[in-house]
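Visitor: Put together the whole structure using the sequences plus the hints.
There are 2 protein chains.
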Amino acid sequence: MAERELVEYIRQLAAGERPPWLEVGIGDDAAVLRVPDDSRVVVTTDSVIESVHFKAGTEPELVGRKAVARCLSDIAAMAARPLCTVAAVGFGRSYDDDACRRLCKALYEAARELSAPLVGGDVASGPGPTTVTVTALGTAGSAGVVTRSGARPGDAICVTGRLGGSIRGRHLTFRPRIPEALALAGRCRLHAMIDISDGLSTDALHIAEESAVGVVLRAADIPVSDDAVVLSRATGRPPLWHALNDGEDYELLFCLGVADARELARSGVAGAAGERVGVSIIGEVVAGAASYLEAADGSREPLTAGGWEHLTR
Amino acid sequence: MAERELVEYIRQLAAGERPPWLEVGIGDDAAVLRVPDDSRVVVTTDSVIESVHFKAGTEPELVGRKAVARCLSDIAAMAARPLCTVAAVGFGRSYDDDACRRLCKALYEAARELSAPLVGGDVASGPGPTTVTVTALGTAGSAGVVTRSGARPGDAICVTGRLGGSIRGRHLTFRPRIPEALALAGRCRLHAMIDISDGLSTDALHIAEESAVGVVLRAADIPVSDDAVVLSRATGRPPLWHALNDGEDYELLFCLGVADARELARSGVAGAAGERVGVSIIGEVVAGAASYLEAADGSREPLTAGGWEHLTR
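First to last, the sequence lines map onto chains A and B.
Each residue of the first sequence is one higher than the last, beginning at 1 in our numbering.
Each residue of the second sequence is one higher than the last, beginning at 1 in our numbering.
Honestly, the hints are just simulated from the structure, not real lab data.
Any given hint could turn out to be false.
Heads up, the list lumps identical chains together, so a pair's fine if it works in one copy or across two of them.
Calculated lysine to any residue pairs in the SDA-like style (CA-CA distance at most 25 Å, straight line) [what the hints assert, rightly or not]:
{"no.": "1", "residue 1": "K55", "residue 2": "S94"}
{"no.": "2", "residue 1": "K105", "residue 2": "E209"}
{"no.": "3", "residue 1": "K55", "residue 2": "P127"}
{"no.": "4", "residue 1": "K55", "residue 2": "V229"}
{"no.": "5", "residue 1": "K55", "residue 2": "G92"}
{"no.": "6", "residue 1": "K55", "residue 2": "G154"}
{"no.": "7", "residue 1": "K105", "residue 2": "A2"}
{"no.": "8", "residue 1": "K105", "residue 2": "E23"}
{"no.": "9", "residue 1": "K55", "residue 2": "A124"}
{"no.": "10", "residue 1": "K105", "residue 2": "L182"}
{"no.": "11", "residue 1": "K55", "residue 2": "D226"}
{"no.": "12", "residue 1": "K105", "residue 2": "E210"}
{"no.": "13", "residue 1": "K55", "residue 2": "R93"}
{"no.": "14", "residue 1": "K55", "residue 2": "R162"}
{"no.": "15", "residue 1": "K105", "residue 2": "S39"}
{"no.": "16", "residue 1": "K55", "residue 2": "G271"}
{"no.": "17", "residue 1": "K105", "residue 2": "A183"}
Guide: Put into C-alpha cells, the structure is as follows:
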C-alpha cells in the first residue's frame, strides 16, 4: 500500500468531523489549532513497541487503542483536559495492508472516543517490530495542572481502582482516568499526582523524589485486583507483590490533605460512564528522604522500586 | 542504565536553561507551556528508523540531529515559528549506555540550536532497530501558516537551494529552512508550501493534489546539486533524475505570484547565518488535474511521483 493511500484512508475517517478549533488537520505538513487564550498547553509523548509493550500477534485494534490510552493517561496525571493527538507509526514486517489500516483506524477511534482527536501523524515501514508513538496535547487553566512535585509531609496518599496483574489483559483495554482526574482536581486541592505505569512502588518513589519527601505505604490498605490474585497462583508471588510492582495499571496515585482524602475514600469519584470508581487511602507522606512499606503489625521495610525499568537489559 | 538515570542526564543538560514560557519541563508526566494569546499552535510528528532513515552504525549525534531537524522542517514548511519539541526513543540492541546518552544529548542540543527546546520525552529499549520520534510544536499568527492547498493557476513554483544526492551526507546534516521560511512569508504572499522530503516530483504532486491544480516543472530550471552530479556517475542515472526523485533535500518548495517569485529569484533569501540562499523559479501552476515535466525544447511528459514511498515493501 502506498503511504498516500493510508493517509487518505485516515483522512476519510476524519471527514466531516473537524473540531471547531482545528484549522488545518490531517494531510498537510503539520496540524494547526487554536488554543483558548490564557490556557496552558500540556504535551506528552509515549511509545508502544511490539514485544515490549504488546506481544507480537496482538490485534491491531488493541495496539492502537493502548498507544492512545497510555499517552492520554499522562494528560490525566496532570489533571489536564485532552485536546488532540498526533501519531507516528513504524509498521513492522508482520503488518500487511489490512493490519496497517486496522491499526490506524484504532488510533483514530480511540483518540476520538477519549476526546483527543487525531490531527496528524507519520507512517513508515521498517525492518523491526511495530512501534507506535503518540503525542498528546492537552489544556489546563493556570491553576489546573498537578505535578509530581507538590507532595507535603502529612499528606494522605491515595489511589484509584485496584492494582496488579494488568498483564492478564487490562494493560491493553484500560481506560485512562481522564474524567476522574478532572473531577478529583475540581473537588479537592491535589498536591501531587502521577499515573501508575511503572508500578505503584516505583511511581510512589517518583513522587517522593520529585517532592523531596518520603512516602509510607501501608500494605494492608493497598487495593489488590482480582487479576493480581489469579496471577499470584501462577507466579507463586503474593498478590500484594503484583499490586506493588506489576505496573501498567494506569490508575491515579495522588497526594492531598487528610480530610479531603477521607471524603474521597467514602464517596469515590465518578468514572467515564458515571460509575463509581473507588479511592483508597494507602499511606502518608513523611518528611525526609526515606520511604517505607509498612506491614499490618506496624513493622517497616524500605520501599524499593520494583516496577518496570525500560532501559534495563 | 536505568531509565531514571538517562532522564536525569537529559534534565541536567537542561538545568538552568528553562525558557520563560515553560512552566513544567522534563521529569513530570507531561510538559506544561504558555503559548502567546491569539497564536495558533502548529504540531507535527516524524520518526527516523534505523536501516530506513539512517544506516546502522551512524553516529548517535547524527541520528539525534536528523530526527529533530526533519521534524522542524515540517514546522518551517508551514512558515511557523518553532516553540518546543518532545522525543520518544526506542533504543535498539546496538545502543549501549554511552550511545544512549550521546543520542539524547544530540536531541537536546539540536533542539536548542534550532530554537525548539526539548521539554519532554519517553525512553525505552526494544528488540528492534533504534527508532526516534520527534514531535514539534510551533506557533503562528492567524495569517501566518502556509498550507499545501493554496496554489493557484498562474503561480510561479519556486524552490530554495539545490536538489538531489542528499544520501551522500546532506540527509543527516541539513539545517531546516526555518528562518528562510519565515523570511519568505514575511516578504511575500506565499500561496502554498511544502518541504521536500519525499522528492521534488512527489512533493510537487502533493501540492497539486491538495490545491486541486496541475504543476508544470521545467527540467532546465531545476537546480541540481553537486551531490546529484557525483551520484549520477555511480548510478548511471542523469543528475536531474536524482534532483527530481531522491528526496530528503528538506528544501522549501512554494507557490506564489510571478512578480514576487522574480524578485526572490534575484535576491535570494537570508539563511540562518545570514548567508544568501538561492531561490529558483522551476515551473508554474496550471488549471486542471494534469502535471508535467517540460523539457528544454518545450516537449512535455507526465510528471510522476518518483520519490520515496514509505510503505512500499
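Visitor: The structure should be examined with respect to each hint, and the outcome stated for every one.
Guide: Against the structure, the hints:
Taking CA atoms no more than 25 Å apart as the test, K55 paired with S94 passes in both settings, with 12 Å inside one copy and 22 Å between copies. Taking identical chains as interchangeable, the C-alpha atoms of K105 and E209 lie at most 25 Å apart only when they sit on different chains, with a minimum of 23 Å there against 39 Å within one chain. Taking the shortest alpha-carbon separations for K55 and P127, both the intra-copy value of 17 Å and the inter-copy value of 12 Å come in at or below 25 Å. Only within a single protomer do K55 and V229 lie at most 25 Å apart by alpha-carbon distance; the minimum there is 22 Å, versus 47 Å between protomers.
In this assembly of identical chains, K55 and G92 lie within 25 Å of each other by CA distance both inside one copy and across copies; the values are 13 Å within and 17 Å between. For the homomeric pair K55 and G154, neither the shortest alpha-carbon distance inside one copy (42 Å) nor that between copies (54 Å) is at most 25 Å. With identical chains, the CA atoms of K105 and A2 are at most 25 Å apart within one copy only, with a shortest distance of 16 Å there and 35 Å across copies. In the homo-oligomer, the alpha carbons of K105 and E23 lie at most 25 Å apart inside one protomer (22 Å), although the nearest pairing across protomers, at 34 Å, exceeds that limit.
Proximity of K55 and A124 under a CA criterion of 25 Å is satisfied in both settings, with 20 Å inside one chain copy and 16 Å between copies. Proximity of K105 and L182 under a CA criterion of 25 Å is satisfied in neither setting, with 27 Å inside one chain copy and 35 Å between copies. For the identical chains of this complex, K55 and D226 are intra-copy neighbours only, at 22 Å inside a copy versus 47 Å across copies, given an alpha-carbon limit of 25 Å. In the homo-oligomer, the alpha carbons of K105 and E210 lie at most 25 Å apart only across protomers (22 Å), although the nearest pairing inside one protomer, at 38 Å, exceeds that limit.
In this assembly of identical chains, the alpha carbons of K55 and R93 lie at most 25 Å apart whether taken from the same copy (14 Å) or from different copies (18 Å). Taking CA atoms no more than 25 Å apart as the test, K55 paired with R162 passes inside one copy only; the shortest distance there is 24 Å, against 45 Å between copies. Proximity of K105 and S39 under a CA criterion of 25 Å is satisfied in neither setting, with 30 Å inside one chain copy and 31 Å between copies. In this assembly of identical chains, the alpha carbons of K55 and G271 never lie at most 25 Å apart, being 29 Å within a copy and 47 Å across copies at closest.
In this assembly of identical chains, the alpha carbons of K105 and A183 never lie at most 25 Å apart, being 30 Å within a copy and 39 Å across copies at closest.
Of the hints listed earlier, those the structure fails to meet are numbers 6, 10, 15, 16 and 17, in rising order.
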